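S.K.: All chains, please: the whole structure from these sequences, using the hints.
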Amino acid sequence: MLYHVTLHLARNKDFPEGSPIYGYELTAPLDDGGRLDQEEWARKRSLCRVRRFWGGEGERQGILIHRPGGSGGATWMIDYNQGRLGDEEAGYRLNQHRFVKGEYVTIEDEDEKPYTFEIVSVRRAEPSPAEGRRL
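Just so you know, my numbering puts 91 at position 88 of the sequence shown, and the rest follows in order with no gaps.
Read the hints as simulated data drawn from the structure, not as lab findings. Small disclaimer: the values here were computed from a predicted structure and weren't measured. Ideal Cβ positions, reconstructed from N, Cα and C, are used throughout, including at glycine. Errors might be hidden in some of the hints.
[What the hints assert, rightly or not] List time: in silico DMTMM-like cross-link candidates among lysine to aspartate or glutamate, alpha-carbon distance up to 25 Å: (1) Lys16 to Glu62; (2) Lys16 to Glu28; (3) Lys16 to Glu60; (4) Lys104 to Glu121; (5) Lys116 to Glu20; (6) Lys116 to Glu106; (7) Lys47 to Asp82; (8) Lys116 to Asp82; (9) Lys16 to Asp114; (10) Lys47 to Glu129.
[To be verified] Using C-beta positions, here's what the derived DEER-type ranges look like: (11) Arg46 to Pro23: 27 to 35 Å; (12) Gly58 to Gly36: 30 to 38 Å; (13) Arg70 to Glu106: 16 to 24 Å.
M.R.: As structure tokens, then:
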């Protein structure tokens, strides 16, 4: 099932309290345990979108992609320009993380600098099968 996930920059030396003006909004497929679901992604990849908001730099729009290789046999990445290699941002072991409010994930920017983010919101992006039958 697809979910809307909001990440805010976690506390670090530059932002001791973290910052809600730096972060991501993802539409991502999650399984019942809150982990990224590769099979669901394969069926709904066109709906798996990402919005990066970064203070005064403005927004970037991209897509969530899954590639073979990397830690654990697969790498989840954010691709901002599908026609150009090298602008992707990799998630650190995103396949092992649970996307649950209060948890943390690490994403590397295109310069491979890691940033840690707190998951501040997770909500369904589509009705459950039972809700869909009632509509």
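S.K.: Against this structure, judge whether each hint is valid.
M.R.: How the hints compare with the structure:
no.	hint	verdict
1	Lys16 to Glu62	holds (24 Å)
2	Lys16 to Glu28	holds (23 Å)
3	Lys16 to Glu60	holds (20 Å)
4	Lys104 to Glu121	holds (8 Å)
5	Lys116 to Glu20	holds (20 Å)
6	Lys116 to Glu106	holds (20 Å)
7	Lys47 to Asp82	holds (16 Å)
8	Lys116 to Asp82	holds (16 Å)
9	Lys16 to Asp114	holds (19 Å)
10	Lys47 to Glu129	holds (12 Å)
11	Arg46 to Pro23: 27 to 35 Å	holds (32 Å)
12	Gly58 to Gly36: 30 to 38 Å	holds (33 Å)
13	Arg70 to Glu106: 16 to 24 Å	holds (23 Å)
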